[in-house]
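Peer 1: Protein chains in written order, with the working numbering: chain H, 4 to 744; chain U, 2 to 158; chain G, 26 to 278.
Hints are computed from structural coordinates only; laboratory data are not their basis. Treat the numbers as computed from the prediction; the structure is a model and nothing was measured. Check the hints yourself; a few may be wrong.
Pairs of lysine to aspartate or glutamate, DMTMM-like flavour, derived with a Cα cap of 25 Å [said to hold, decoys possible]:
#1 G:K144 / H:E159
#2 H:K509 / H:E521
#3 U:K136 / H:E496
#4 H:K287 / H:D336
#5 H:K253 / G:E214
#6 G:K92 / H:E310
#7 H:K356 / U:E16
#8 H:K435 / H:E285
#9 G:K183 / G:E82
#10 H:K467 / G:E124
#11 H:K253 / G:E191
#12 G:K177 / H:E245
#13 G:K177 / G:E193
#14 H:K253 / H:D526
#15 H:K743 / G:D60
#16 H:K253 / H:E285
#17 G:K77 / G:D63
#18 H:K743 / G:D67
#19 H:K253 / G:D60
#20 G:K121 / H:E229
#21 U:K44 / U:E16
#22 G:K121 / H:D476
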Amino acid sequence: MGLGMLASRVMRPTASKLPRNLLSHFHIRPIVSTPESSAAQAQPEPEPTPPPRAPVAGARVHFKNPDDAIEVFVDGYPVKIPKGMTVLQACEVAGVDIPRFCYHSRLSIAGNCRMCLVEVEKSPKPVASCAMPALPGMKIKTDTPVAKKAREGVMEFLLMNHPLDCPICDQGGECDLQDQSMAFGSDRGRFTEMKRSVVDKNLGPLVKTVMTRCIQCTRCVRFATEVAGVQDLGMLGRGSGEEIGTYVEKLMTSELSGNVIDICPVGALTSKPFAFKARNWELKGTETIDVTDAVGSNIRIDSRGPEVLRILPRLNEDINEEWISDKTRFFYDGLKRQRLNDPMIRGADGRFKAVSWRDALAVVAEVAHQTKPEEIVGIAGQLSDAESMMALKDFLNKMGSNNVWCEGNGVNTDADLRSGYLMNSGIAGLEKADVFLLVGTQPRVEAAMVNARIQKTVRATQAKVGYIGPAADFNYDHQHLGIGPQTLIEIAEGRHPFCSALLNAKNPAIIVGAGLFERKDKDAIFSAVETISKYAKVVRPDWNGFNVLLLNAAQAAALDLGLVPESGKSIESAKFVYLMGADDVNMEKVPVDAFVVYQGHHGDRGVYRANVILPAAAFSEKEGTYENTEGCVQQTLPAVPTVGDARDDWKIIRALSEVAGVRLPYDSLGAIRSRIKTVAPNLVHMDEREPATFSASLKPDFSHKMSLTAFGSTIENFYMTDSITRASKIMAQCSALLLKK
Amino acid sequence: MASSVVKNALKAIRERGLGNFFRELKEEGYLNCLSDGNLLQTKIHNIGAKLVGVDKVGNRYYEKLDIQYGRHRWVEYAEKGRYNASQVPAEWHGWLHYITDNTGDELLMLKPKRYGIEHKENFSGEGEELIYHSKGHALNPGQRNWTRYQPWEPTKA
Amino acid sequence: MLARLAANRLLEIRQLFRQPLSSRSFSTALNYHLDSPDNNPDLQWEFSDVNKEKAKEILSHYPSNYKQSAVIPLLDLAQQQHGGWLPVSAMNAVAKVIEVAPIRVYEVATFYSMFNRSKVGKYHLLVCGTTPCMIRGSREIEDALLKHLGVKRNEVTKDGLFSVGEMECMGCCVNAPMITVADYSNGSEGYTYNYYEDVTPKRVVEIVETLRRGEKLPPGTQNPQRIRCGPEGGNTTLLSEPKPPPCRDLDAC
Numbered sequence: 004m005g006l007g008m009l010a011s012r013v014m015r016p017t018a019s020k021l022p023r024n025l026l027s028h029f030h031i032r033p034i035v036s037t038p039e040s041s042a043a044q045a046q047p048e049p050e051p052t053p054p055p056r057a058p059v060a061g062a063r064v065h066f067k068n069p070d071d072a073i074e075v076f077v078d079g080y081p082v083k084i085p086k087g088m089t090v091l092q093a094c095e096v097a098g099v100d101i102p103r104f105c106y107h108s109r110l111s112i113a114g115n116c117r118m119c120l121v122e123v124e125k126s127p128k129p130v131a132s133c134a135m136p137a138l139p140g141m142k143i144k145t146d147t148p149v150a151k152k153a154r155e156g157v158m159e160f161l162l163m164n165h166p167l168d169c170p171i172c173d174q175g176g177e178c179d180l181q182d183q184s185m186a187f188g189s190d191r192g193r194f195t196e197m198k199r200s201v202v203d204k205n206l207g208p209l210v211k212t213v214m215t216r217c218i219q220c221t222r223c224v225r226f227a228t229e230v231a232g233v234q235d236l237g238m239l240g241r242g243s244g245e246e247i248g249t250y251v252e253k254l255m256t257s258e259l260s261g262n263v264i265d266i267c268p269v270g271a272l273t274s275k276p277f278a279f280k281a282r283n284w285e286l287k288g289t290e291t292i293d294v295t296d297a298v299g300s301n302i303r304i305d306s307r308g309p310e311v312l313r314i315l316p317r318l319n320e321d322i323n324e325e326w327i328s329d330k331t332r333f334f335y336d337g338l339k340r341q342r343l344n345d346p347m348i349r350g351a352d353g354r355f356k357a358v359s360w361r362d363a364l365a366v367v368a369e370v371a372h373q374t375k376p377e378e379i380v381g382i383a384g385q386l387s388d389a390e391s392m393m394a395l396k397d398f399l400n401k402m403g404s405n406n407v408w409c410e411g412n413g414v415n416t417d418a419d420l421r422s423g424y425l426m427n428s429g430i431a432g433l434e435k436a437d438v439f440l441l442v443g444t445q446p447r448v449e450a451a452m453v454n455a456r457i458q459k460t461v462r463a464t465q466a467k468v469g470y471i472g473p474a475a476d477f478n479y480d481h482q483h484l485g486i487g488p489q490t491l492i493e494i495a496e497g498r499h500p501f502c503s504a505l506l507n508a509k510n511p512a513i514i515v516g517a518g519l520f521e522r523k524d525k526d527a528i529f530s531a532v533e534t535i536s537k538y539a540k541v542v543r544p545d546w547n548g549f550n551v552l553l554l555n556a557a558q559a560a561a562l563d564l565g566l567v568p569e570s571g572k573s574i575e576s577a578k579f580v581y582l583m584g585a586d587d588v589n590m591e592k593v594p595v596d597a598f599v600v601y602q603g604h605h606g607d608r609g610v611y612r613a614n615v616i617l618p619a620a621a622f623s624e625k626e627g628t629y630e631n632t633e634g635c636v637q638q639t640l641p642a643v644p645t646v647g648d649a650r651d652d653w654k655i656i657r658a659l660s661e662v663a664g665v666r667l668p669y670d671s672l673g674a675i676r677s678r679i680k681t682v683a684p685n686l687v688h689m690d691e692r693e694p695a696t697f698s699a700s701l702k703p704d705f706s707h708k709m710s711l712t713a714f715g716s717t718i719e720n721f722y723m724t725d726s727i728t729r730a731s732k733i734m735a736q737c738s739a740l741l742l743k744k
Numbered sequence: 002m003a004s005s006v007v008k009n010a011l012k013a014i015r016e017r018g019l020g021n022f023f024r025e026l027k028e029e030g031y032l033n034c035l036s037d038g039n040l041l042q043t044k045i046h047n048i049g050a051k052l053v054g055v056d057k058v059g060n061r062y063y064e065k066l067d068i069q070y071g072r073h074r075w076v077e078y079a080e081k082g083r084y085n086a087s088q089v090p091a092e093w094h095g096w097l098h099y100i101t102d103n104t105g106d107e108l109l110m111l112k113p114k115r116y117g118i119e120h121k122e123n124f125s126g127e128g129e130e131l132i133y134h135s136k137g138h139a140l141n142p143g144q145r146n147w148t149r150y151q152p153w154e155p156t157k158a
Numbered sequence: 026m027l028a029r030l031a032a033n034r035l036l037e038i039r040q041l042f043r044q045p046l047s048s049r050s051f052s053t054a055l056n057y058h059l060d061s062p063d064n065n066p067d068l069q070w071e072f073s074d075v076n077k078e079k080a081k082e083i084l085s086h087y088p089s090n091y092k093q094s095a096v097i098p099l100l101d102l103a104q105q106q107h108g109g110w111l112p113v114s115a116m117n118a119v120a121k122v123i124e125v126a127p128i129r130v131y132e133v134a135t136f137y138s139m140f141n142r143s144k145v146g147k148y149h150l151l152v153c154g155t156t157p158c159m160i161r162g163s164r165e166i167e168d169a170l171l172k173h174l175g176v177k178r179n180e181v182t183k184d185g186l187f188s189v190g191e192m193e194c195m196g197c198c199v200n201a202p203m204i205t206v207a208d209y210s211n212g213s214e215g216y217t218y219n220y221y222e223d224v225t226p227k228r229v230v231e232i233v234e235t236l237r238r239g240e241k242l243p244p245g246t247q248n249p250q251r252i253r254c255g256p257e258g259g260n261t262t263l264l265s266e267p268k269p270p271p272c273r274d275l276d277a278c
């Protein structure tokens with residue numbers, strides 16, 4: 004809640020009455036000041052029906068059933084709301100922002116901060132609006148002396164034990180308590196005793212606690228229990244000794260723990276890596292997306308000058324709601340370490356020497372021309388954007404080679420039908436499912452936000468979850484059906500007990516891990532999954548529950564653009580390997596005499612085998628298109644300048660093509676996007692989810708040709724999956740803790 | 002009063018000889034008084050005033066309680082030629098400006114050991130190299146490295 | 026000089042605040058757990074066989090999908106079994122029985138001051154400190170107890186027999202001041218929780234010595250002139266038959 008909004012709320016009683024009459028008259032009459040009209044204006048209007056005010060923060064009213072609509076009056080304005088809404092929500096619809104601390108729209112209602120007190124007619128006492136259901140005809144008053152005095156009193160109590168350390172508090176400037184005490188509090192308190200102090204808790208390397216500042220709203224406790232699915236935090240003690248804690252020495256072992264920083268209304272839980280680094284008003288926010296996994300969480304990069312200082316989530320109901328994973332939130336310090344800032348060439352002595360772009364590109368073009376076209380191989384990394392992948396593919400095609408792919412895509416994966424590699428139900432659509440079958444995927448480490456959705460669904464509807472794969476940690480109830488294809492075959496043949504659950508389900512969802520793309524028997528696995536989806540009616544006109552959970556940010560766009568290897572052997576015969584940020588390629592397969600160009604932003608695994616290094620921009624420094632696992636196309640925006648001599652990926656390839664004499668026909672992002680439009684038109688529809696047009700090609704040929712080796716776990720270390728996270732110190736600390744556990 | 006000044010001067014000449022007397026005159030800035038009325042006035046003020054303290058650069062702080070309130074404290078700068086107010090160190094500033102009655106020697110005790118830096122006079126107009134530049138200033142010779150990233154070092158192989 | 030002044034002033038302020046702080050008390054222990062040799066999560070703790078039966082009986086009072094409702098009786102049972110206090114491993118055991126996360130049990134155990142999370146004596150003496158008892162001299166009683174036993178509040182005597190704690194109102198205000206003796210010397214079978222009312226500083230010392238000798242003594246008022254909560258020396262009012270209300274004629278109905 005912004006301070007300005009609050010201030011205007013406070014001033015409204017005088018401010019809003021005046022212009023309302025004027026406004027309504029401006030519409031209907033020309034502004035001519037004649038004696039008659041002014042006399043008419045002076046007459047009191049019969050029954051003034053005030054125009055409805057805009058709801059707070061675009062709060063939408065969704066009537067599931069038109070009969071459920073009830074009418075309440077907020078400050079005299081009639082509002083239509085569905086039955087079951089609370090008084091606070093009714094006020095929000097009416098455009099009145101009620102102050103609150105403990106209430107959070109995504110968490111259960113606690114009603115323990117008492118800040119949201121309002122007056123309700125015929126109620127002897129002020130009512131806690133967040134916990135009070137609105138009843139038909141209720142007359143809610145938010146601006147009366149009673150409500151104001153109640154708020155002021157609550158605020159005085161809250162500030163009683165709250166330390167006055169705003170100047171050294173990291174929440175200062177974005178603190179709910181600060182804002183609301185300015186707007187609703189008194190200018191003095193009557194408390195003269197000693198304030199209490201509380202021992203700080205150790206919640207790990209990400210969340211810093213200053214528990215003396217806590218106002219016991221229990222948002223963090225509810226978040227941990229309900230959203231993160233780890234019951235670690237609790238409210239201990241009673242009365243003035245009450246405190247939030249874990250009781251026993253325990254770290255918060257959740258991949259969503261960073262979100263408690265956002266939901267904490269005071270400075271009790273703050274970001275440890277961001278502690279004392281900057282004030283929030285010094286930061287420039289850039290609305291962009293996350294590339295550490297295939298979810299494409301919406302984030303805001305807060306930067307100061309050339310530095311990324313923190314990453315916060317943005318609201319996107321369809322993808323990440325308002326949470327992000329710890330990896331997304333805290334990997335940003337990797338953007339400042341191990342950066343490639345100069346083009347380099349490996350000399351005869353095996354050492355790298357910094358050279359100019361001109362020299363580096365000349366060497367690469369020369370070698371590329373000396374190599375036979377079929378021995379040229381290009382691999383895009385997991386952080387590549389669609390534009391640079393398009394440029395890479397076009398460039399290598401012009402050089403005569405079609406050995407270009409994106410890592411993690413497996414050999415000859417079927418990239419023709421989008422439904423075969425997308426999350427067809429959508430991430431938000433998972434909430435409709437009532438049975439989940441996870442095949443070779445551990446959403447908790449592969450896509451934490453998808454896991455949060457499944458957790459939410461399981462918690463809300465007791466949906467059943469079946470899991471096939473190696474033993475893994477889940478934060479919701481699940482059945483571990485088996486570890487490998489054997490179980491999958493049993494389910495496909497209908498011999499498994501879980502089949503009945505699938506058959507009885509209204510909206511069954513099957514989630515297949517993209518780690519299976521790398522298996523040789525992936526076609527057999529996919530046809531088995533298709534058999535299951537056929538008999539369990541997973542794919543219907545009104546519901547498509549066949550989902551593939553991709554691993555990398557680049558993967559969906561790469562499959563759309565057709566960056567799929569044609570054979571698994573091309574890398575063994577390669578003489579010229581162009582790695583565009585690809586670090587997870589098995590370097591031992593590359594022949595010793597091959598010439599390797601590494602174009603990327605981090606000195607990670609790839610550079611050690613490289614002959615030429617071309618520095619490129621990281622995702623926070625460029626504009627690039629990414630498609631997430633559900634097929635939603637989004638773009639990153641540059642938040643900070645590139646480091647050193649680095650350039651955007653596609654520009655490097657464009658320049659290289661010119662030097663190599665096969666000039667690519669685009670000079671701007673717009674031009675390259677119109678080129679993409681000819682290949683994959685969905686990639687230019689920004690911020691839109693384009694569902695697959697054809698449902699999965701239900702191939703009936705079910706075969707037993709699966710190898711019976713168990714599914715492996717695709718991601719061993721949640722915190723270190725790509726070159727940026729591997730360079731991050733915070734992620735290193737987290738994974739050290741993970742290993743200790 | 003004037004006669005006692007002459008008497009004192011004669012006494013000093015008698016005791017220390019004429020050469021020493023003139024050297025002292027020069028060092029104490031009496032010769033500058035001829036061209037610098039301010040200094041002359043200060044010197045005349047000093048007669049009969051109480052010397053409250055001398056700071057580390059040699060500025061002398063005087064007080065005389067029987068003259069008009071608000072003019073009863075003053076400083077005679079150690080530097081006789083190019084003196085200016087920025088030569089008064091921080092600890093004496095308060096006393097001199099009637100902010101506190103604690104003398105600079107007393108206030109020196111409160112100076113923080115860990116981060117209190119030495120007072121430096123304002124050298125504006127005296128040459129770039131003498132002027133204080135903040136740590137981020139382009140002219141600061143010990144300028145901070147503003148590179149905000151750590152480049153990859155091609156160490157081995 | 027100023028530094029010295031400031032230091033002196035600070036000392037004065039500290040002196041001012043020292044007094045109230047030391048007499049301020051919360052429940053028996055900290056609201057977080059510190060590992061110690063006799064209290065850490067690695068220790069094994071289980072209900073005894075008899076108590077397992079009891080726990081089953083307690084659980085049968087609640088619907089099978091609301092097992093967590095049994096948390097308070099089970100914690101009480103565990104406390105009786107463990108000599109009057111709850112180590113963290115006992116809370117973990119309770120959490121396992123009622124199938125909730127341990128933190129949910131910790132929350133309950135820290136909320137109620139009747140659950141002791143640090144060691145207590147075999148006889149845990151609880152002095153009521155609420156207003157009526159305080160006016161009738163509960164502070165003197167506590168002082169007398171502490172002085173006699175040579176311990177501080179919530180500290181256990183060297184022989185492990187006694188500890189003194191404070192309790193909020195136990196509803197015996199008519200016989201104030203009062204103390205409660207929680208007797209953990211005989212395990213959960215012989216567990217008693219008795220009120221001793223109308224005590225005096227002299228009388229509590231006698232009670233302690235009686236308990237030390239292992240003798241039983243009648244609970245209730247310690248004033249020989251009183252019968253239960255009646256007035257001293259017998260009733261003084263309401264001695265005759267109660268009169269009918271004057272407002273209406275009982276015969277008429």
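Peer 1: Compare the distance between the alpha carbons of K253 (chain H) and D60 (chain G) with 25 Å, and conclude whether the hinted pair is satisfied.
Peer 2: With Cα atoms ~12 Å apart, K253 (chain H) and D60 (chain G) stay inside 25 Å; holds.
Peer 1: CA of K44 (chain U) to CA of E16 (chain U), is that 25 Å or under?
Peer 2: holds, 22 Å
Peer 1: Would the hint linking K253 (chain H) and E214 (chain G) be met if the CA-CA limit is 25 Å?
Peer 2: violated, 35 Å
Peer 1: Tell me if the straight-line CA distance from K92 (chain G) to E310 (chain H) falls inside 25 Å.
Peer 2: violated, 52 Å
Peer 1: Would you mind confirming whether the straight-line C-alpha gap from K435 (chain H) to E285 (chain H) stays at or under 25 Å?
Peer 2: violated, 42 Å
Peer 1: Would you mind confirming whether the straight-line C-alpha gap from K77 (chain G) to D63 (chain G) stays at or under 25 Å?
Peer 2: holds, 23 Å
Peer 1: Run the distance test for K356 (chain H) versus E16 (chain U): straight-line Cα separation, threshold 25 Å.
Peer 2: Violated, because 79 Å separates the two Cα atoms, which is more than 25 Å.
Peer 1: K467 (chain H) and E124 (chain G): Cα distance at most 25 Å?
Peer 2: Distance of about 19 Å is within 25 Å: holds.
Peer 1: Run the distance test for K287 (chain H) versus D336 (chain H): straight-line Cα separation, threshold 25 Å.
Peer 2: holds, 17 Å
Peer 1: Between K253 (chain H) and D526 (chain H), does the CA-CA distance stay at or below 25 Å?
Peer 2: Violated - the C-alpha atoms of D526 (chain H) and K253 (chain H) are around 44 Å apart, more than 25 Å.
Peer 1: Is the Cα-Cα distance between K253 (chain H) and E191 (chain G) 25 Å or less?
Peer 2: Judged against 25 Å, a Cα distance of about 31 Å means the pair is violated.
Peer 1: Are the Cα positions of K743 (chain H) and D67 (chain G) separated by 25 Å at most?
Peer 2: Roughly 17 Å between the alpha carbons, so the hint for K743 (chain H) and D67 (chain G) holds.
In the structure shown, a violation is registered for the earlier hints numbered 1, 2, 3, 5, 6, 7, 8, 9, 11, 14, 16, in ascending order.
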